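Just so you know, the protein sequences line up as chains A and B, in that order.
Residue 81 is where the first sequence starts when you use the numbering used here, and the numbers rise one by one after that.
Residue 81 is where the second sequence starts when you use the numbering used here, and the numbers rise one by one after that.
Derived from the structure by calculation, the hints contain no laboratory data.
Note that the structure is a prediction, hence the values are computed from the model and not measured.
Certain hints may be false.
The list cannot tell twin chains apart, which means a pair is met if one copy fits it or any two copies do.
Stated by the list, open to error - Below 30 Å or equal to it, Euclidean Cα-Cα: the simulated DSSO-like pairs (lysine-lysine) are:
| # | residue 1 | residue 2 |
| --- | --- | --- |
| 1 | K98 | K225 |
| 2 | K121 | K88 |
| 3 | K134 | K88 |
| 4 | K88 | K98 |
| 5 | K225 | K134 |
| 6 | K121 | K98 |
| 7 | K88 | K225 |
| 8 | K134 | K121 |
| 9 | K98 | K134 |
Number of protein chains: 2
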Amino acid sequence: MIISEMTKEACEDFLSSKNFGHLACLNGDRPYVLPIHYVFKGGLVYSFAMPGSKIDHMRVNPNVCLQLEEITSDQDWLSVVLQGRYQELPDTEQWRTERMYAWSALQQRPNWWEPGAYDARRHEIGDQPSHPVFYRIQAESISGKRAEPN
Amino acid sequence: MIISEMTKEACEDFLSSKNFGHLACLNGDRPYVLPIHYVFKGGLVYSFAMPGSKIDHMRVNPNVCLQLEEITSDQDWLSVVLQGRYQELPDTEQWRTERMYAWSALQQRPNWWEPGAYDARRHEIGDQPSHPVFYRIQAESISGKRAEPN
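Sequences and hints are given; from them, build the entire structure.
Written out as structure tokens, the structure reads:
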């Protein structure tokens with residue numbers, strides 16, 4: 081097996097070709113990681129979540145890490161890591177265009193809304209109507225490794 | 081879709097049935113996440129890695145988070161999160177039994193050694209022989225959610 085560093089362009093192509101990865105954030109000095117669906121366009125990661133502890137954590141410390149991999153076999157895989165900063169896209173005039181862009185890009189995935197829809201329903205039942213939080217991640221570094229059989 | 085909390089027992093059964101997940105650790109106030117192979121036995125996660133930045137980070141801050149999921153469809157999935165502390169299993173008399181236990185459990189996976197073997201070879205070529213670092217994670221909390229179609 082030969083492991084090589086991927087170019088930034090190859091990493092970005094891989095990020096663009098996928099829409100599922102694992103996002104790590106911080107809760108104080110404790111790490112937290114969860115799977116997310118995202119869209120990568122124009123050098124930015126777009127995603128959304130219902131309000132909750134994950135969003136609270138990223139508002140306090142915007143440092144995040146998105147990692148995704150494709151494993152064909154133990155000797156044939158690639159893994160890309162994007163480190164960057166969380167930036168919320170609030171429902172205000174200033175952010176309307178960017179927010180609509182995120183919504184438009186994300187909703188192209190089949191059933192993209194399902195988990196959010198559940199949470200929204202639950203919040204409504206509890207008389208606590210809630211709205212999704214859209215956000216983007218500005219990349220500060222992107223790197224990747226590719227393994228190929230000898 | 082109905083989302084329910086999993087019992088601790090169901091979470092542990094799921095952890096035992098899998099050997100691949102995503103581990104988050106901290107580099108200062110920045111999160112880092114990477115895929116790992118592991119074995120979960122007796123309430124402990126066992127894994128190993130070649131010396132490097134990940135190991136360095138966990139030695140400084142042993143707080144880690146392991147997450148794994150199984151996604152059958154957008155409405156049928158489960159996700160388990162284990163938060164705990166990194167604990168190294170050094171090659172000393174005191175830790176020999178535990179270290180051998182980890183090695184024995186981990187090497188039951190086919191090709192489990194491949195990435196480490198590559199790194200070991202590279203280190204040897206560079207006249208810097210290196211050995212894998214075995215570690216375990218002591219769980220402080222385990223939780224999980226299961227989604228099922230209505």
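Evaluated hints:
Proximity of K98 and K225 under a CA criterion of 30 Å is satisfied in both settings, with 16 Å inside one chain copy and 24 Å between copies. When the C-alpha separation of K121 and K88 is checked against a cutoff of 30 Å, the pair qualifies only within one copy, where the shortest distance is 14 Å, while the shortest distance between copies is 39 Å. Taking the closest pair of Cα atoms, K134 and K88 come within 30 Å of each other both inside a single copy (28 Å) and across two copies (21 Å). Proximity of K88 to K98 under the C-alpha cut-off of 30 Å is restricted to the intra-copy arrangement: shortest distance 16 Å within a copy versus 32 Å between copies.
In this assembly of identical chains, the alpha carbons of K225 and K134 lie at most 30 Å apart whether taken from the same copy (28 Å) or from different copies (15 Å). Taking the closest pair of Cα atoms, K121 and K98 come within 30 Å of each other only inside a single copy of the chain (11 Å); across copies the shortest separation is 33 Å, beyond that limit. In this assembly of identical chains, K88 and K225 lie within 30 Å of each other by CA distance solely inside one copy; the values are 11 Å within and 35 Å between copies. For the homomeric pair K134 and K121, the shortest alpha-carbon distances inside one copy (23 Å) and between copies (29 Å) are both at most 30 Å.
Taking the shortest alpha-carbon separations for K98 and K134, both the intra-copy value of 22 Å and the inter-copy value of 25 Å come in at or below 30 Å.
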